[in-house]
Amino acid sequence: MYNFDLIRPSTLEEAVKALGQDEAQALGGGQTLIPTLKQRLAMPETLVSLSGIDAIKGVCVHDDGRLSIGGGTTHATVAREAAAHYPGLAALAASIGDPAVRARGTIGGSLANNDPSACYPAAALGSGATIVTNAREIAADDYFQGMFTTALDDGEIITEVRFPVPEAAAYQKFEQPASRFALVGVFVARYADGVRVAVTGASEEGVFRWSEAEAALSSNFAADALKDLSVPADGMIGDLHGTPDYRAHLVKVLTGRAVAAAS
Amino acid sequence: MSKFGISQPIKRVEDVRFLNGTGRYMDDTAPEGALRAYVFRSPVAHGEITTLDVADARAADGVHAVLTAAELDAAGVRNQMDAAVVKNRDGSRGAAPPRPILAIDRVRYVGEPVALIVAETLAQAKDAAELIELDVEDLPVWTTLAPGGEAIHPEAPENLAYDWAFGDAEQTEKVFAGAAHRVSLEIDDNRIIVNSMEPRGCWARWDGARMHVSFSGQGVWGLRDQIARNLGLDKGAVHVTTPDVGGGFGMKGFAYPEYFAVAEAARQTGRPVHWMADRSESMLSDNGGRDLVSVAEAAFDEDYKLIGYRVHTTSNLGAYNSGFGQNIQSELALKVLTGTYDVQDVFFAVKGIYTNTVQVDAYRGAGRPEAIYVLERLMDHAARQFGLSPWALRQKNFIPADAFPYVSASGETYDVGDFGRVLSRAEKEADLDGFKARRADSGAAGKLRGIGLCYYIESILGDPSETTKLEFTDTGKVRLYAGTQSNGQGHETVYAQILNEFTGIPMDAVEFVQGDSDLIAKGGGTGGSRSVTTQGTSIKATSSRLIENFTPFVAEELDAAPEEIDFEDGNFHARGTNKFIGLMDAAQAARDKGRDDLLVCEAETKLPGRSYPNGAHVCEVEIDPETGQTEVVRYTVVDDFGVLMNPTLAEGQVHGGVVQGLGQAIMENAAYDADGQLLTGTFMDYAMPRAIDTPFITFHSEPVPSTANPLGMKGCGEAGTVGAMAAVGNAVQDALWDRGIRRVDMPFTPLRVWSWLNRADMAAE
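Chains as they are written, first to last, in this note's numbering: chain Y, 35 to 297; chain S, 40 to 804.
One or more of the hints may lead you astray.
As the list claims (entries may be wrong) - Okay, derived cross-link-like pairs now, EDC-like style, lysine to aspartate or glutamate, Cα gap no bigger than 20 Å in a straight line:
| # | chain 1 | residue 1 | chain 2 | residue 2 |
| --- | --- | --- | --- | --- |
| 1 | S | K435 | S | D457 |
| 2 | Y | K72 | S | D663 |
| 3 | Y | K261 | Y | E239 |
| 4 | Y | K261 | S | D663 |
| 5 | Y | K286 | S | E641 |
| 6 | Y | K51 | Y | E209 |
| 7 | Y | K286 | S | E665 |
| 8 | S | K486 | S | D777 |
| 9 | Y | K51 | Y | D39 |
| 10 | S | K516 | S | D340 |
| 11 | S | K486 | Y | E209 |
| 12 | S | K435 | S | D340 |
| 13 | Y | K72 | S | E320 |
| 14 | Y | K72 | S | D317 |
| 15 | Y | K261 | S | D502 |
| 16 | S | K508 | S | D457 |
| 17 | Y | K72 | S | D724 |
| 18 | S | K165 | S | D264 |
| 19 | Y | K286 | S | D800 |
| 20 | S | K126 | S | E194 |
| 21 | S | K165 | Y | E79 |
| 22 | S | K618 | S | D557 |
| 23 | Y | K72 | Y | D39 |
| 24 | S | K274 | S | D264 |
| 25 | S | K274 | S | D555 |
| 26 | Y | K72 | S | E212 |
| 27 | Y | K261 | S | D800 |
| 28 | S | K508 | S | E641 |
| 29 | Y | K286 | Y | E209 |
Don't read these hints as lab results, they were simulated from the structure. From a predicted model like this one, the values you see are computed outputs, not experimental measurements.
If we strip away everything but chain Y, and leave its shape as in the complex, we get:
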C-alpha cells in the first residue's frame, strides 16, 4: 500500500468538497478498494471515507411503496432490514461474499464500482431502480455503462437507491469456484407491467437485460417459457472458470431457476 491521506467527513457536503480535490477517491466499505491498495495497484493521494455519513445509511419504505436504501448501507443491514419488504433483494444481499464482506461492504460502493461479477448491479437493473446521487437521479437503465463503468461523474456520491418492489423476484447465482463471485447471476423480477431479467457475471459489457426472456416471461411467468430461447455466446466473458458458451448456457439455466424460485 502506498501512503495516502484519509479524510472522514460526517456530512455529504464535506464529502463532496473533499472529493473535489485532485487524486481523491471515495472509500465505501473498502471491500474492493482496500485489497487493490494493498497490492499497490492504485495510488490515490486522498481517500474520502463515506462511512461516517449517517445521512446515507439505512433502509426505509416510501409512501408510494418503493424501498429506499441509503448508499452507505451495508449488505448485512439490507439483508436484515429489507427482508420484510423485498425478500428477493434481501436474499441477494445475504448471499454476497462472506459475513466480513457483508458487514463492511455497501450498496453504493458496489454500484459505483460496477464489477462485472458483482451481485447488486443485477438487482438494481432487474428492479428498474433509481440511483440517487448528491447531484441527480439516474435510472438503472442509464446508469450501467459497461464493465467498471457507470454514469457517475468524478466525485459523485450515491446517496440512495430506490427500488420499486415487485410482485415476485428471485436471484440465482452460480459461484465462480475460487472467488465465489457470480460466475453468472440472474435476477428476475415480476412487476404488474412486465418482467425484468438482469444478468451479471456473464457479459464483457457488464450487467445486462435479457430482453427476449423478459418478453417471454411477461406473457408466461414459468421456466418453460424459456425453452425455445438461447443466449448467444458472442460477447460473453471467457476465462479459466467459464467459456463464453458455458456462461451463455448458464444464463438460461439460472433464469429458469430464478423464475421457479420466484413463482
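Once you have looked at the hints, place chain S on chain Y.
Below, chain S without anything else, positioned relative to chain Y:
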C-alpha cells in the same frame, strides 16, 4: 490403561495457544528492531538479464542493503541451492544444473528471486524495489509437460531432466502379450499450490561470530548444514530454529533461496533481518505439487487376476531441481506402485521435464498419492471395462492376509495387512447396499450420483532413526526434546501421552522442546508420516532407559535389592512391601542427593522397518448436469492405522488429508499461460476447498497392528490425501459413465464436467 496414555482421545494441548492467539509463529518471533527484507522477483518466465541496476534502490530512503548475485559473489557466498538427483535408466545421473540463490545472468520462471532489498520498513523496501532497473531479453518459454522446446539448461537438452525406470520391461511385455485381458488409461494429475495457512518466512541474526537463522520449516538440521556451506561458516557457527509452524505439507521441507539471502544480509548489515512472504508471493514462489501425466496399463488373466502392470509417467519439475524434485514421482512413487495387489511383473518409467514454472516437489504424500491415484483409477476403469464390480475386482486381487510379510514388486516388505477385511467393513460402513436408492433419489432431483472406491496403501518414509532426550528441571517439570518438527499436527499432545504411558509422568509436567539445532543434536524433522512412529518409538526406549537408570537409586531409597523393584503406573514399588515412590519424587530425591546424572536421559532408536497404513475411501458425489457442479455428498473412510496413539488426532489427520485430496480433485488447479505467467496467483482464481464444500467424513478404525515398530502403529499423516483423490475421481467417473463419458481427469470443475457432458450429448445426437 492410563487415562492419559496411548489410545486415549486426548484433546490437543497446543490448540489452546493456537486458538487464543498466543501461538508463536514466524512473524511473532522476529527480533526487535529487525530490518525488513523484500524479494525482487523476475516478472518474466525466461530470458537473459541484460541490465540489472540497483544503484537507485540502494540509495533510497531507509535502505541498508541490496543484494544481487554480484554481491553474493563479492562476499564469497556460494550462490547455489542443493538438490538430489535420480539415476537414469542408462546408469547416468539425472541433470544437475545449478540453481542459484539469486539469479545469475538468466531468469527461468516468473517469481525467481533476482535481488533482496533490506530496509528499515517493508514499505521502504518495496518502494526501493520499484527503483530497480531490470531488462531481460526474452527467450522462448516452455510450459508443456513433454520433452521439447528451447533448453532451459544446457545440461538438459529437450528439457529432459531425467529418464528413470524400474522393473523388467521385456518380461512385463511378455506378460502383457500373453494376457487374456488388457486395459489402458491416460491419467492427469493436476498441479496444485500448497497454500499453507502460514506462508514461508525467516529471520536471521549475526552476532559477529555465529549466525542464527529462524525459519518456518519442517526440520532445522538440513538448513543448518546448507547455511554453513553456502555462507562459508562452520556448522557449529550456525544455529537454526523453528517456532510454531502454520502448515508445511512437504512444501516447507526444503531450503529456499530467501533463507540464504536473508542470512547473508544480516551478516552484511550487522542487523537482524526479517522476511515474510505475502500470499501472492507464496503462490508464485512456493514449490508446487503433483503435475504429472501417466499412461497406465494392466494385464489380467482369463479369471481377471492381475498379472502385469506398466506405467509411463511424465513429471513436471519446474525450472530447476528442487531439493527432492527428481525423486518424488520416481523413487517415492515406486514404494507403493502396485498398492495392495499381488502382482510381480511390473515396469515403471518416469521422465522428468524442466519447464519455465516454479519448482515442483513434495506435497502431502509425495509420490504415493500420485502412484495410488493412477493405480486405483486404472483398477476402477478395468472393472468397468470388464463389467465387474470394482469392489469384487479388488477383493480378488488383494495380497491375501496369510501372505505377510509380503515383498512387493517394488521390493517393499509389507509387514502385515488384511485388506479384504478392511474393504468388507467399508462396504458396510458406506452402506453400499443403500447406494441404489440414494442414486434414485438424486436422479429424481435431476442429479447424477456416483460412488467411488479407492483402496490405498501408504509407505511411511523419512529417516527411521530418532532421538529423545528427557530432562528433569528444578521447577518440577520434564523437558522432552524431540527431533521431529510439528507443523501443527499435535506432536506435543501425543508425545506427552506416550511418555505418560511408559513413565506415568503427568502430561502437564511435560515441557516440549523442538526445532532448535543448538539444543537438539540431530533429528529427522517432519515428513513422510514419520513423526509419531519414530519419535514415539524413541520415547518408549528412552522411558525404559530412564526407569532402568533410576532403579538402583530407588532400590537404595526403598531399602530393597534392585531386582526387587517393579515399575508400574508411574511408581517404583519394592516387591512384597508397601514401600513405593513415584518417578517425579524419585527425581527430586536424586536432585537432593546430587545424583544429577539421573536427571537427564537420552536414547536413539531406529525402526526395524516401515509400516504400511492402508484403507478404503468411499466417496459419493452428486453432479448437476445442467451446470456441471460436482458436490461431494458422502464420504466414508475405514483405515488400518494399526494401534491408534490418539484416535482424535488420527481422525483429524484423515479429515485434513481428505479435504486436501478432494480439494485437488474438485477445484484446486495451478494454471500458467503460454508465457509462463501464473494465471491463478490469488485466491480470486485459485480455488481452495472450504467447509461448505466438504461433507461430514466418517472415520472407522479396522486395525492390524504393525510388527515393524514396538508401538504397533502406522503413520497416518498423509493417508487421507493418498486415498481421497481416486475415491473422488472414481465417483465422478461412476456418475458420468452412463452418459457415455469414458475418461475424466481432475480437477472436476463445473466448466470441465459440463464440457464433457455437453460434448457427450452432442456426440449422441
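Comparing the hints with the structure gives:
Distance restraint check for K435 (chain S) and D457 (chain S): the Cα-Cα separation of roughly 13 Å lies within the 20 Å cut-off, and the hinted pair is therefore satisfied. For the proposed pair K72 (chain Y) and D663 (chain S), the alpha carbon gap of about 38 Å is over 20 Å, so the pair is violated. Annotation: proposed proximity of K261 (chain Y) to E239 (chain Y) is violated, straight-line Cα distance about 25 Å (limit 20 Å). With a C-alpha separation of about 18 Å, the suggested pairing of K261 (chain Y) with D663 (chain S) holds against the 20 Å cut-off.
Restraint check for K286 (chain Y) and E641 (chain S): the C-alpha separation of about 70 Å exceeds 20 Å, so the hint is violated. With a CA separation close to 39 Å, the supplied pair K51 (chain Y) and E209 (chain Y) exceeds the 20 Å bound. At most 20 Å may separate the alpha-carbon atoms for a hinted pair to count; K286 (chain Y) and E665 (chain S) meet this at roughly 10 Å. Of the supplied pair hints, the one linking K486 (chain S) and D777 (chain S) holds, its CA atoms being roughly 13 Å apart against a limit of 20 Å.
Between K51 (chain Y) and D39 (chain Y), the direct Cα distance comes to roughly 15 Å. Compliance with the 20 Å bound is thereby established for this hinted pair. At roughly 63 Å between alpha-carbon atoms, K516 (chain S) and D340 (chain S) are farther apart than 20 Å, so this suggested pair is violated. Of the pairs offered as hints, the one joining K486 (chain S) and E209 (chain Y) holds, with about 18 Å between alpha carbons and a cut-off of 20 Å not exceeded. Restraint check: the Cα-Cα separation between K435 (chain S) and D340 (chain S) comes to about 12 Å, which is no more than 20 Å; the hinted pair holds.
With a CA separation close to 13 Å, the supplied pair K72 (chain Y) and E320 (chain S) stays within the 20 Å bound. Our distance criterion of 20 Å between C-alpha atoms is met by K72 (chain Y) and D317 (chain S), whose separation comes to about 11 Å. With a C-alpha separation of about 64 Å, the suggested pairing of K261 (chain Y) with D502 (chain S) is violated against the 20 Å cut-off. Distance hint between K508 (chain S) and D457 (chain S) is unfulfilled; the C-alpha atoms sit about 36 Å from each other, more than 20 Å.
With a C-alpha separation of about 18 Å, the suggested pairing of K72 (chain Y) with D724 (chain S) holds against the 20 Å cut-off. A distance of roughly 31 Å separates the Cα atoms of K165 (chain S) and D264 (chain S); the hinted pair therefore is violated under the 20 Å criterion. Using a Cα cut-off of 20 Å, the hinted pair K286 (chain Y) and D800 (chain S) holds, with the two alpha carbons roughly 18 Å apart. For the hint linking K126 (chain S) to E194 (chain S), the alpha-carbon distance of about 15 Å falls within 20 Å, and the restraint holds.
Pair hint K165 (chain S) plus E79 (chain Y) holds up; C-alpha atoms about 18 Å apart against a cutoff of 20 Å. A hinted pair counts as satisfied when its Cα atoms are at most 20 Å apart, and K618 (chain S) with D557 (chain S) does not qualify at roughly 41 Å. About 15 Å separates the Cα atoms of K72 (chain Y) and D39 (chain Y), which keeps this hinted pair within 20 Å; it holds. Proximity of K274 (chain S) to D264 (chain S) is assessed by CA-CA distance (about 6 Å); at most 20 Å being required, the pair is judged to hold.
For a cut-off of 20 Å, the pair hint linking K274 (chain S) to D555 (chain S) stands: about 14 Å separates their Cα positions. Distance hint between K72 (chain Y) and E212 (chain S) is unfulfilled; the C-alpha atoms sit about 58 Å from each other, more than 20 Å. For a cut-off of 20 Å, the pair hint linking K261 (chain Y) to D800 (chain S) stands: about 17 Å separates their Cα positions. As the CA atoms of K508 (chain S) and E641 (chain S) are separated by approximately 4 Å, the hinted pair is consistent with the 20 Å bound.
Using a Cα cut-off of 20 Å, the hinted pair K286 (chain Y) and E209 (chain Y) holds, with the two alpha carbons roughly 15 Å apart.
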